[in-house]
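Undergrad: Residue numbers (the numbering used here): 1 to 275.
There may be inaccurate statements among the hints.
Said to hold, decoys possible - List time: in silico DSS-like cross-link candidates among lysine-lysine, alpha-carbon distance up to 25 Å:
1) 130 with 51
2) 164 with 130
3) 52 with 130
4) 12 with 129
5) 130 with 12
6) 229 with 138
7) 241 with 129
8) 241 with 164
Calculated from the structure, these hints are not laboratory results.
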Amino acid sequence: MPGEPKRLEHPKSVYIIGFIFIIITLTVVIAAAYQITFSPHGPAVLVPIQKKIAESRRSAILDEVRKQEEFEKHRHFHNVVEYPQLPENMRPVCYICHSDSPHSKNKKVRAMLNMHTQFFVCETCHIEKKKGASVVYKWYNPFDENPEGPFFGTSYDPETGNLKEVNDQFSKIAPYFKTDGRLESAIRIQDSDLARDYINVRDRLTPEQRDNVKKKFHVHIKPKGHECKACHIRKSILDFKKLGFASNRAIDIEQLNIKGMITKYEKFYIPNLFK
1 MPGEPKRLEH PKSVYIIGFI FIIITLTVVI AAAYQITFSP HGPAVLVPIQ
51 KKIAESRRSA ILDEVRKQEE FEKHRHFHNV VEYPQLPENM RPVCYICHSD
101 SPHSKNKKVR AMLNMHTQFF VCETCHIEKK KGASVVYKWY NPFDENPEGP
151 FFGTSYDPET GNLKEVNDQF SKIAPYFKTD GRLESAIRIQ DSDLARDYIN
201 VRDRLTPEQR DNVKKKFHVH IKPKGHECKA CHIRKSILDF KKLGFASNRA
251 IDIEQLNIKG MITKYEKFYI PNLFK
């Protein structure tokens, strides 16, 4: 109306600041609500209710299917050997989906490949190069940052000719990324944030969603492992001397005859051996 003071328009920056403030406030409220209701680091007051709902939705058929999947995943191809196991939270994330005998598809070589898990972590064979870093191999033990050995498989018992028994039950050869003299382990354990989160929600994910999460676990991991000749050769990717192998043991590994059997022959013929 005439004579009234002209209304001032707020500058656009005020609206932008107000919008940002609202977003921050909502984020804080949501975070606080999660902390109170579901977070393992808070009271988690709704977790018991969530568990009751999940229990009411359980299906005997689905439980049986999962049981069969688990059996298939962990089956052995020969005799079952009892040996100490790491707590699940200290095991690599590979074991969320795979077992101690992870190779099952290629019947010709699966037992041979599975024997390597006594000496290697999965990443040793399946590691992929990382830009700007080299790959070095050393002994890894989740209970000891710098294990000193003696390590299983590195020497023979002179009395029996078998591999020498050792007290260290957990050390395995593992890859590390080396950048500017610093070593970074290529192993992700089940106690990592992503792994724990995935374990909690995996039963509620679709197959496509599971695959998307698994891609995060497989960064710098290749599906097909190294060929036999990468290690069983004089110029091996593994420096057996630095890894503490006895010279005669290192020579035997480098010149292993079975390497040629696997790479050169399609079929093995053993006439009437088991009849």
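Undergrad: Are the hints correct? Go through all of them and say.
TA: Here is what the structure says about each hint:
1. 130 with 51: 41 Å, violated
2. 164 with 130: 35 Å, violated
3. 52 with 130: 45 Å, violated
4. 12 with 129: Roughly 49 Å separates the two Cα atoms, so the pair is violated.
5. 130 with 12: 46 Å, violated
6. 229 with 138: The given pair, whose Cα atoms are some 19 Å apart, holds under the 25 Å limit.
7. 241 with 129: 23 Å, holds
8. 241 with 164: 17 Å, holds
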